[in-house]
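J.: Between the sequences and the hints, there should be enough to build the whole structure, so can you do that?
Number of protein chains: 2
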Amino acid sequence: MMDMDQDPRKRLCFADGRRKVDYVLVYHYRKRSSVRGSPSQHRLSIISNGSYPLGVEEKDQEGGKDEPAEVVVDVGPPDPADGEKIMIREEFEGNLKDAGLEIEHDKENKAHGHAFIRLHAPWQVLSREAEFLKIKVPTKKSYELREEKGLAATMNEAWRKLNQPFQPKVPHQEQEHSRTKFLSHCFSRDKLHLSQSLFPGILRCPLFCLTGITTLIANGVYDSAFPLHDGDFHPSGQAEGKNDRQLLHDEWARYGAFYKYQPVDLIRKYFGEKIGLYFAWLGVYTQLLIPASVVGIIVFFYGWATVETNIPSQEMCDEDQNFTMCPLCDRACDYWHLSTACGTARASHLFDNPATVFFAIFMSLWAAMFLEHWKRRQISLNYSWDLTGMEEEEVHSHTYIVTLCYSMLTSTAETETHTYILPLVTLNVFLPSQTGHEKLTWRDRLPGYLINISSILFMFGMTCSAVFSVIIYRITISALMAMSPDPEVKSNVRVTVTATAVIINLVVILILDEIYGMVAAWLTELEIPKTETNFEERLILKAFLLKFMNAYAPIFYVAFFKGRFAGRPGDYVYVFNDYRMEECAPGGCLIELCIQLSIIMLGKQLIQNNIFEIGIPKLKKLCRTLKDKERAPKEIVEQPGRRQQWHLDYDLEPFDGLTPEYMEMIIQFGFVSLFVASFPLAPLFALLNNVIEIRLDAKKFVTELRRPDAIRAKDIGIWYNILSGLGKFSVIINAFVISFTSDFIPRLVYQYMYSETGTMHGFINHTLSYFNVSNFKPGTVPSISSLGKDITFCRYKDYREPPWSTEPYQFSKQYWSVLAARLGFVILFQNLVITMSMLVAWVIPDVPKNISEQLKKEKTLLVDVFLNEEKEKLQLIQSLFSRDLTQEQQEELKVSDQTSLPLQTQLGPLPPTSVNHAYLKRLILTRPPVWNDPSTWRP
Amino acid sequence: MMDMDQDPRKRLCFADGRRKVDYVLVYHYRKRSSVRGSPSQHRLSIISNGSYPLGVEEKDQEGGKDEPAEVVVDVGPPDPADGEKIMIREEFEGNLKDAGLEIEHDKENKAHGHAFIRLHAPWQVLSREAEFLKIKVPTKKSYELREEKGLAATMNEAWRKLNQPFQPKVPHQEQEHSRTKFLSHCFSRDKLHLSQSLFPGILRCPLFCLTGITTLIANGVYDSAFPLHDGDFHPSGQAEGKNDRQLLHDEWARYGAFYKYQPVDLIRKYFGEKIGLYFAWLGVYTQLLIPASVVGIIVFFYGWATVETNIPSQEMCDEDQNFTMCPLCDRACDYWHLSTACGTARASHLFDNPATVFFAIFMSLWAAMFLEHWKRRQISLNYSWDLTGMEEEEVHSHTYIVTLCYSMLTSTAETETHTYILPLVTLNVFLPSQTGHEKLTWRDRLPGYLINISSILFMFGMTCSAVFSVIIYRITISALMAMSPDPEVKSNVRVTVTATAVIINLVVILILDEIYGMVAAWLTELEIPKTETNFEERLILKAFLLKFMNAYAPIFYVAFFKGRFAGRPGDYVYVFNDYRMEECAPGGCLIELCIQLSIIMLGKQLIQNNIFEIGIPKLKKLCRTLKDKERAPKEIVEQPGRRQQWHLDYDLEPFDGLTPEYMEMIIQFGFVSLFVASFPLAPLFALLNNVIEIRLDAKKFVTELRRPDAIRAKDIGIWYNILSGLGKFSVIINAFVISFTSDFIPRLVYQYMYSETGTMHGFINHTLSYFNVSNFKPGTVPSISSLGKDITFCRYKDYREPPWSTEPYQFSKQYWSVLAARLGFVILFQNLVITMSMLVAWVIPDVPKNISEQLKKEKTLLVDVFLNEEKEKLQLIQSLFSRDLTQEQQEELKVSDQTSLPLQTQLGPLPPTSVNHAYLKRLILTRPPVWNDPSTWRP
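Protein chains in written order, with numbering that gives the first Met the number 0: chain P, 0 to 938; chain L, 0 to 938.
By construction, these hints were calculated from the structure, which means they are not laboratory data.
Backbone N, C-alpha and C fix where the C-beta goes; we use that ideal spot for every residue, glycine too.
Only true hints are included.
Straight-line C-alpha distance at most 30 Å; calculated BS3-like pairs for lysine-lysine:
| # | chain 1 | residue 1 | chain 2 | residue 2 |
| --- | --- | --- | --- | --- |
| 1 | P | 855 | L | 135 |
| 2 | L | 135 | P | 135 |
| 3 | L | 273 | P | 856 |
Reference listing, derived: stretches of chain L covered by chain P, where coverage requires no fewer than 3 residues with Cβ under 8 Å from a Cβ of chain P:
| # | segment |
| --- | --- |
| 4 | 805 to 816 |
| 5 | 821 to 831 |
T.: This is the structure we're talking about:
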């Protein structure tokens with residue numbers, strides 16, 4: 000075995016140093032004994048149901064003769080399944096060879112350990128694959144982009160210069176500003192001479208085996224399968240140019256590069272479209288958070304600046320207007336003065352001011368704009384990544400791939416399918432519906448669905464009970480603290496209790512989040528979805544539902560339920576006989592919502608995103624190495640010098656999908672959009688988090704994970720729908736927060752309906768109802784009271800009739816008018832904002848103008864190219880004919896509309912032996928068939 | 000000239016009786032003098048700016064030599080433009096010939112009249128066109144559809160049998176139930192041997208000249224251009240089989256066939272996809288109206304059945320509870336008894352009962368279901384019409400066509416473009432942006448946009464003033480009638496006035512509708528949209544906006560504004576000093592809304608759809624024949640025996656788009672969905688209308704119009720968006736109608752909040768407020784009164800404080816609580832129904848399951864077919880090589896991955912003369928290029 004360490008590139012190649020390793024399969028083995036010769040006797044006939052199809056056997060034997068495979072056969076398998084696995088492996092690899100892949104096994108055989116099977120996809124395979132997948136490649140034909148003139152050009156140039164320091168130093172990125180574009184068209188071996196490069200796009204590995212391998216990995220036949228990284232990411236000493244992984248590491252996956260744009264094209268080139276789209280999306284989201292944060296800060300500072308001039312909070316703090324408030328609980332609590340809640344009132348104003356309404360509208364439009372902006376960006380990326388023609392094809396070709404691999408796996412033997420299906424189904428492997436096995440009926444699916452529904456209901460109950468237990472905690476603690484005689488404790492009661500309770504909430508959320516993630520995966524497996532895309536969508540939907548509920552349940556409680564069922568003095572609502580339902584602060588529930596929201600959001604981000612994401616992979620890696628060491632302690636230590644790239648890559652963490660990354664961001668988007676009316680700083684915190692998050696994820700992908708399979712994708716899939724759903728939901732939630740949680744509407748109603756001066760003076764008095772202390776039920780009068788001696792009326796925050804009216808303590812006319820105003824506001828806000836969002840979405844065209852222009856231009860040019868090509872071909876053939884054919888034959892071909900039947904039909908699919916020159920030429924020419932009666936062939 | 004009347008088919012052919020006429024161009028000429036010889040001297044050089052490109056001239060002369068055109072040149076044109084027109088015609092026809100079309104002129108030349116130019120598209124042109132448009136054709140490969148077993152199959156069979164009488168007897172339709180499907184793939188001349196038919200789909204005429212012709216028709220160069228009908232629609236005596244037009248006439252375009260399904264496939268085949276989709280859509284809509292009508296009738300009869308047991312209307316009619324109502328106007332009106340309005344109250348109940356709420360929810364879901372159902376149907380049709388791969392391609396190819404035709408027209412001479420542009424712009428012809436002329440800047444567009452906005456605002460004002468003047472009419476008439484002493488007149492006052500006013504409204508609507516249609520077209524022309532699709536969309540949007548406003552403004556007024564600003568007794572609101580603002584009936588505004596709606600809907604349908612649609616075309620035709628007779632009275636009379644199909648077709652009306660047909664249906668859909676809560680019978684009337692409408696339209700298309708160009712379309716375009724917008728809008732409108740126009744909410748509030756017994760008894764009393772007659776302002780007391788002697792309090796319908804409260808005549812607590820309930824209901828209804836609609840849309844998959852399965856299957860099979868084909872080709876070529884090549888050459892080709900450069904690149908585009916056999920073979924084989932260092936060519 001050669002030592003190839005001198006050239007880092009050779010570390011990525013087969014033993015011959017030329018064929019690059021495209022893909023690596025790994026399996027674990029224990030004992031081994033090399034058996035040479037045809038392995039077909041050991042084949043699947045053992046596990047098939049006795050009916051071994053002849054065709055397969057013949058094919059296998061042929062393959063066996065062709066190249067006597069060096070097979071690792073377990074002679075005395077300790078586990079009876081091991082023998083099967085070896086045979087499946089053999090057959091699978093045989094099929095791969097049949098498909099044209101080149102395979103290299105480990106030359107040296109050890110007693111235990113991991114065996115690496117390296118695959119190389121030759122040009123033939125790649126080009127066939129590229130044709131199937133309709134991958135587009137640039138042609139030689141280029142065209143000039145329309146040059147902008149005058150002011151626009153100057154502006155563009157200035158913008159480009161200004162942006163220069165923010166651009167990553169990546170070779171490809173610089174091309175973006177060039178004025179010349181190359182036409183691209185679907186790769187086709189027939190049109191190779193038109194292509195600029197002869198390599199079909201960025202197909203790194205023969206994708207069509209992937210799904211088959213997923214099945215085999217799930218069955219334990221293989222340990223793992225991954226494409227190789229482009230070498231080491233540490234900057235090498237050689238000056239001859241960095242590989243892509245190094246480039247990505249230097250220009251993207253560093254915290255130092257946080258201010259730079261992401262090299263999206265390079266990311267896509269290295270990791271594939273799907274991951275490229277994720278980072279592009281994250282980039283767009285983060286970028287758009289900047290204006291939202293700025294407006295949020297302005298709104299916050301507006302609240303800050305106006306807090307001194309705000310009449311309601313002045314009135315609350317005014318010690319002269321000393322409102323004597325009713326006790327907050329029966330017997331144990333004392334009367335209290337409203338001015339003691341002055342602090343909360345002032346803090347409330349920071350978030351509960353007219354600017355908040357503006358901000359809520361702004362953020363709803365922002366969400367609409369974000370989605371539109373992303374759509375445009377996505378289309379731009381699709382265009383520059385040559386995915387424009389893909390459409391739904393992708394899904395179908397994917398299904399096709401599944402079929403292909405499956406049939407490869409089962410060798411087209413119908414009877415064998417069943418032996419596979421049972422373990423596969425239990426392992427939740429996605430079986431295409433058309434491979435001949437019986438379809439799952441609703442009887443098979445019903446138990447899965449039932450478990451699904453009941454589990455989700457159970458989870459829902461769990462979340463609710465978690466929220467409820469925190470409420471109980473709050474009620475008891477606040478009751479205890481309210482009984483304390485210390486006035487300072489009392490005034491801070493609310494903030495303290497809220498803060499501690501929220502931290503408990505946070506911990507509960509973090510724990511349940513992990514549980515729910517696992518539950519969602521388990522539930523989706525029970526449903527047995529048909530395709531992988533289907534599986535992913537259902538999983539995402541379920542996980543989102545559960546995690547969303549989990550993260551937002553306590554916030555929803557504070558926003559809409561807290562204090563609504565507290566009753567009134569003299570008629571308080573109790574839970575468990577003893578504890579009063581909690582009430583909101585006199586300054587409004589908004590401040591509590593704000594505390595709740597900020598702690599959960601920040602805590603979740605800090606703990607989950609950063610600590611979990613950094614810590615847990617490290618921990619996992621430690622576990623794995625410990626386990627490996629335990630299994631085969633010698634080997635790893637023994638050969639540190641000659642470790643190939645596949646050994647290094649195998650030591651990395653496997654990539655397990657983008658779902659957690661997206662989920663995290665979507666939940667964050669919820670914080671930013673749903674309750675933004677109560678916490679204008681949310682976008683700012685999200686922005687700060689995301690700037691770190693991008694680099695954290697980048698580091699993870701470049702240095703800590705095995706290279707993921709490059710998956711083609713046109714869009715971010717179901718996440719877009721979830722985002723757009725959240726955007727719509729946020730409108731109504733914000734409408735309710737503004738009208739019901741904040742005091743915006745009551746203030747407005749007071750100012751325009753009840754205030755005599757047209758100002759806010761007297762608002763606090765107006766919101767407080769009277770209670771006659773003689774109406775306290777026996778045993779509920781405050782037992783120890785410092786204020787209670789000469790009090791006849793105490794006040795409480797509600798719109799109820801005074802004791803002296805005909806219907807004491809009933810809801811007053813004010814209550815109903817405020818309620819009507821609140822509801823009216825909800826209708827107005829919801830419909831106005833939704834209409835505005837729709838307008839925004841309608842005004843911003845989905846396809847950027849320059850892209851649509853370029854597409855048109857390209858279409859026209861491409862037609863020209865092909866027309867020219869056709870003409871040339873025709874000339875070429877005619878010149879050929881003039882040499883080859885007799886005069887009579889030429890005549891026949893030139894005079895059109897005379898022959899009676901198409902030549903092809905006449906000749907039919909001739910057997911290859913009888914082919915002659917003329918047939919071939921006719922095949923190329925494909926002359927038009929002509930009929931005598933036009934009416935017979937017109938449809 | 001031959002007489003070809005014996006064979007009806009020959010009437011559709013060129014003089015040779017074999018080449019079919021695909022397209023006809025018509026122009027009008029006055030004097031003529033036949034000039035033989037090359038017409039190139041007269042060419043566009045006259046109108047070009049002096050710089051005549053040489054290449055063009057040469058080409059023209061060549062064309063001239065080839066076939067000395069028989070040209071009709073105006074020697075002494077009375078209009079100087081006539082000479083230009085002749086030359087443009089010549090050039091255009093020359094270009095058509097260059098493109099491969101075959102042209103036949105009229106042999107016989109008359110002094111005046113219409114000249115017909117007949118085009119035939121030979122196979123070459125059609126197949127090229129089909130390749131460009133990626134038209135799919137069925138291949139020879141077929142596959143069996145999955146046979147359903149057991150119960151499902153029996154059910155299917157039964158359903159098919161049951162449906163048999165409703166199926167039209169059309170040959171193609173019967174295939175739909177066959178179990179065998181043929182694969183289809185994009186037409187390609189290279190793959191002809193795989194295709195089942197050698198004719199590329201349903202391309203009837205070379206579409207790519209269409210747009211150019213639009214331009215020329217707009218310029219008056221041609222009179223009209225149309226494809227030919229398939230002969231006569233009257234059943235011919237020959238038994239040899241009907242042509243498609245006869246089939247359509249017999250099985251579809253008869254009122255007698257009203258109960259049958261439409262032969263959609265045949266319609267598509269005859270008229271093209273766009274018109275096929277319209278009728279398919281109309282069919283789906285009409286079909287879905289059936290369940291809606293049934294439910295509507297049930298709801299109506301529920302009202303009918305419960306009118307006797309309905310307590311509020313009983314109470315109103317109860318003469319014992321004789322509420323004395325306040326006079327409806329000052330001084331002139333008398334007090335009146337509520338029981339006199341008994342009739343209205345009872346009628347009200349027919350439409351204003353709890354079932355209405357259910358019906359409103361039902362209809363909202365129905366609308367969502369209709370849209371989903373249509374989506375599915377559309378996808379099914381796309382599939383069976385082989386349009387699945389079309390995507391946005393269509394738009395681009397359309398633009399490409401525009402470019403092609405335009406460049407054909409301008410002969411690629413850049414300088415000439417300008418001479419065309421000016422008249423074209425003013426004539427509003429759509430110029431592609433890439434043909435080199437300067438782009439229109441915002442300066443050019445601004446006036447257009449300004450005129451647009453101001454005109455739309457003006458139209459809006461016009462509609463409002465029309466509505467307002469009808470209101471004035473109503474106010475005056477009802478005031479006059481209310482003053483009448485006859486009690487019978489008084490009780491019927493409302494119905495009479497409403498009915499007459501609505502008829503006036505209807506007339507105004509019908510007149511404005513026509514005006515608005517024209518205004519919308521004019522306004523869109525001012526905007527100068529870039530493409531035809533763009534033009535159509537803008538026109539539709541504008542026309543829809545104006546017509547919608549026009550049709551619904553009076554209905555909106557009645558539903559939401561009438562009676563809201565009437566004031567209260569003693570403080571009535573007046574317009575023009577004299578006339579009181581009108582009020583709703585004591586039974587609620589709903590009955591008036593119902594009358595308004597039914598009369599406008601029925602009237603509009605009857606008058607506009609039927610009378611206008613039948614009458615106006617007849618009138619137009621009459622005009623045209625009269626005009627023609629006046630121009631050339633002899634010729635038409637002189638040759639009645641030998642009229643060819645193109646003469647017959649030219650006599651028909653030209654087809655002018657589907658927009659009016661769709662518009663009519665969309666406005667109807669608005670009636671069915673928007674205010675359905677007030678008029679449950681709307682779906683029934685719509686259904687009756689549509690059953691007639693389908694056959695009416697069918698008759699028009701088959702017998703009265705020239706055959707339209709077959710336009711490919713995947714969907715119904717912007718109409719779908721308008722429908723879905725209407726569906727969403729209808730939810731909120733229905734929510735408001737139920738909560739504000741009907742008495743549903745007040746009844747509910749009374750029952751659950753105020754009623755002591757929990758029943759509706761006392762509801763009427765509760766809704767009537769008290770007015771102290773002593774509070775009448777001086778001069779407003781009824782002057783002559785039969786009841787007014789011993790009255791102290793009169794009643795009026797409103798929730799206001801009684802005179803004896805502290806705030807007399809202010810809105811009472813009930814008012815606010817009812818208002819809150821109403822608003823709450825709107826929020827609840829809107830969000831509930833929208834969520835349910837979304838759920839419906841989500842649950843119903845867009846792609847029918849069988850279609851998606853078939854698509855998957857086809858994809859797999861198609862890949863197999865092509866793989867096999869490739870293999871065969873390879874074998875064929877290899878067998879060739881084994882004969883042709885030397886041993887060394889074979890070696891070179893067999894051992895892969897050894898040659899250093901791709902052969903194609905090595906050889907380059909060789910000049911046709913130096914081509915040899917080996918090159919050609921290599922071209923076919925397209926062998927893989929190989930590199931020595933794999934790292935250099937991996938991207």
